[in-house]
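S.K.: Please work from the sequences and hints to get the whole structure.
Spelled out, the chains give:
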Amino acid sequence: MEMDTDAGNDVAGRAFDYDLFVIGGGSGGVRASRMSASHGAKVALVELPYHPISSETHGGLGGTCVLRGCVPKKILVYGSGFSHEFQDAKGFGWEIDGEIRFNWKKLIQNKTKEIERLNGVYKRMLVNAGVTLFEGFGRIVDKHTVEVKDVDGQTKTFTTNHILIATGGKAVKLNIPGQELGITSDEGLSLEEFPKKVLIIGGGYIAVEFAGIYSGMGADVHLCYRKSLPLAGFDTEMAEVVARNLEARGIKCHKHTNIVKLESHYLGIKATTDTNEEYHVDQVMFATGREPKTANLNLEGVGVELDEAGAIKVNEYSQTSIPSIWAVGDVTNRINLTPVALMEGTCFAKTVFLKEPTKPDYENVAHAVFCQPPLSSVGLTEDQVKANHGGIRGEFKIFTSSFNPMKNTVSGRQEKTMMKLIVHGATDKVMGAMMCGPDAPEIIQGLAVALKCGATKAQFDATVGIHPTAAEEFVTMRTMTRQIPKGVRDVYLRESRACRTSMSSLSKL
Amino acid sequence: MISIGVPKSVAALCTGGIARAGALSEQATCSFAWVQSGVVGKSFGWSVGETLKRSQPRRAFATRSRAAASGGVNGTVADSKDSEYDYDLVTIGAGSGGVRASRFAANLGAKVAVCELPFSTISSDSAGGVGGTCVLRGCVPKKILVYGSQFAHSFEDSKGFGWSYDAKPKHDWNMLIDNKNKELNRLLGVYKNILKNANVALIEGRGKIVDPHTVDISGERIRARHILVAVGGRPYVPDIPGKEFAITSDEALDLPSRPEKICIVGGGYIALEFAGIFNGLGSEVHVFIRQDKVLRGFDEEVRDFVAEQMSLKGIKFHFGESPTAVEKGSDGKFTLVTTKGSEVADSIMFATGRKPNTKNLGLEDVGVNINSKGAIEVDEYSRTSVASIWAVGDVTDRMNLTPVALMEGMAFAKTAFGDEPSKPDHRYVASAVFTQPPIGTVGLTEAEALETYGDIDVYTSNFRPMKATISGLGNRTFMKIIVDAASNVVVGVHMCGDDAPEVLQGFGVAVKAGLTKAQFDATVGIHPTAAEELVTMRSPTRKLRQKSNKVAEEGAARPV
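Protein chains in written order, with the numbering used here: chain A, 1 to 509; chain B, 1 to 560.
Just so you know, these hints were derived from the structure itself, not from any lab. A hint or two may mislead.
Straight-line distance between alpha carbons at most 25 Å, and here's what the computed PhoX-like set of lysine-lysine pairs gives [unchecked claim]: (1) Lys-407/A - Lys-170/B; (2) Lys-429/A - Lys-423/B; (3) Lys-106/A - Lys-182/B; (4) Lys-261/B - Lys-90/A; (5) Lys-414/B - Lys-397/A; (6) Lys-113/A - Lys-159/B; (7) Lys-414/B - Lys-90/A.
M.R.: This is the structure:
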């Protein structure tokens, strides 16, 4: 790895304007800038002007996570979750006379107020860290020069020892006729009018999260995905639970459904499937993936290599094919999660400015899907261990528990919480922990610490439960549900799955 | 009498358990005979409301072989002839600890009976019920009521998220209590089934120990190789004038109507949980605490934080006030008289501690030692001063939590019947307080850690959770990690805020496993959650150096 941090001069011997110039003020870029500055580097960062909906000309400090992702999404999830609370409250003796109304505009206003506040917080954080901020479009001129074009079209160039690209990604639509009639998650978080009937195309985490949001707020939601289950890549059994819960909460799931055409219609939008079925809806949302934002950065011009997916190729230290140019976050398409971008940014700063080469560690990164109820997972899935993922071989013990959470016993809600532990037979190490049910993301975080450190099932069992919680089930799963020998047939698994029924967690006492 | 067929799987389980103790073939036969006797209705398997007849068929093999198999462990238990015992184990009390111990002992091949008082939501010398405190008068009904009252805060929260109503939400206390009782009855059934499926005989009645191997259950004498006392505890009300007018948590969970105003005496977790319940459901709540802070024994910062958050919701704390009397007025209201003044309310609740139920059990007469607090003294294996008598759960007043009683029960079963002496491990037991907001905690408090390790690093975070940024309410979350500076091991994690009990369980695993702060930091967060804060606390709030300062001082005093 070539690191000329000591130089501080370009080839011609001139001093660089900056030690580091960062393009993109999202999670990864902001973290890298702050940490680099705290290690003594002179840092500048360029970000597009703020707008809730991203484009080639707009973005904003905070990036996808704060402005168009995690944060506004979760606020809307909270907002929609109240409708389920109102239903659940009845069994607990609550009654609300008259109408319960939901005001979408008020929620969007409050959401926008909050993300604008956070946008300001990010700005202050950078300023306080001594990072110089530029508003405009950043473009790489050569391996030590960045050009900033501001909103008025004025351009300035700066020399820098290192360049960090942290421009993130953006939502993509399917290339089908009438695609301009549909929206993406960006617009979905900022719609002027609340749609009464929505079609969501896609089965990934964004699709199921938005399905829950709109449905909870009273919309008639149709979710169309190509495969037989949503959440491809997740544990199949957990995806089945999610699909069941979506349906139970009123979302219409259409599997094996491909939308091939969108058309304007006097009542809204008409969507047609490949089997000529038609949906008439107010709004169509594409949740059909995201792609790295690499356009107009002049990456090819300076020789930064991209992969087939359009992501910047980097080595384990986030360095691109040009030694002075680095990249972190979604633009590298490794694991596209905020905390991972933060980790990459921190490691980059340590590597370059503390001269402590540090690789981000992608093992046992936990994640959550804020469908309702949410799904969270850390480590390997059952599908992965069956496929000998990562070369881990041998026998695996699968512990599962499906139970009626206490709140549901009184509210009458028919929805089971599902938990699963995957244990390596030979070492007793817990290789995977996952849950679909209320508070799953909050519950998995602590287990992720344990998995990260190679905790064994015996250590889980030695932990005394916190009663009464759902989480205690994770430390009281005494009986194995099934074992996975190599090459086991799916049929066998499905049968044993069906056999196992668990009562409430209380029945274990 | 209800006769039951023993499912094959249970028989197999028994066989397996016995097999571990040795002599497989003999006992397998015996197990089969046992199943037969259940099927033909001469069951000792399960009976409610009837006492057992001594003429019932017994599984003599089990008792005999047990003595031989466990001789090493239970060397002090006198060996005996086949016919001497009716049961390998008679458990007095079918709460969490008793049920767990009985089930596991039965799984290990023991012939087990458990006796329990008839069901009532309010416990007394003559009433109890299968499930015990946790299921009938504690954890479960309490949490159902906490859920019920939390909705009030959800309604408040929802406004900032765009929700509005024509009318203020109304709450029907009786519906909540009815639904709660329905759930308790369901669980009561579940517990009875658990015992039935484990082939544990359930005998309704009051158990009294007559001699080290005999229990009298409502006049019927039953001989047992081992006796397990798992009778739990009960609320304690100090002896002040008018104490008969006060209610305890037992009654509070089953009141005929919700008091418009309630005075709660006590600053422990029960007092605070009920304060939250009644506050959420709309009552005016006053809490009277002898000391100047709530929750003695918890981390000081958590104590301050939770009191502040509860005050914000309208709960009024009266610190430094002790109750001196309760008076009943002619208007049906009650007056709580304290050292500082008085308060009139619809109900006066005492949450002034709990006491082990050790009276009238015959314990003293057979020589079981009881400590000054009335708890049964036990060794690390839960054995009392009488070798054949054991005790688990709240009656031993070690750590009065359901999962701890379960652990003690299981360890006892392994020790006495599994040929595997097992000590329950009371270190790093996580626990929760279902206040609003709730508390989750594992390991040492800051003061305890300082005392134990001398040099500690304390990481704290006090933030406004995302929900509150939109609801506009004053809810905050507090988190704290305490690290032994010398080893970097995390020795305490505390949280007060939404979901704290759920959050802490996983961290409980991590702390129990002895993980370091560096290992916490190496864990990637789950975004956006509150829990991720616990793996992203990078810089210590304070570094306390009691030991090294001392060393440094001593070092400085020495001539170099």
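S.K.: Hint by hint, say whether it matches the structure.
M.R.: Verification of the supplied hints:
| no. | hint | in the structure |
| --- | --- | --- |
| 1 | Lys-407/A - Lys-170/B | holds (19 Å) |
| 2 | Lys-429/A - Lys-423/B | holds (24 Å) |
| 3 | Lys-106/A - Lys-182/B | violated (40 Å) |
| 4 | Lys-261/B - Lys-90/A | holds (24 Å) |
| 5 | Lys-414/B - Lys-397/A | holds (24 Å) |
| 6 | Lys-113/A - Lys-159/B | holds (15 Å) |
| 7 | Lys-414/B - Lys-90/A | violated (45 Å) |
Of the numbered hints stated above, those contradicted by the structure are hints 3 and 7, listed in ascending order.
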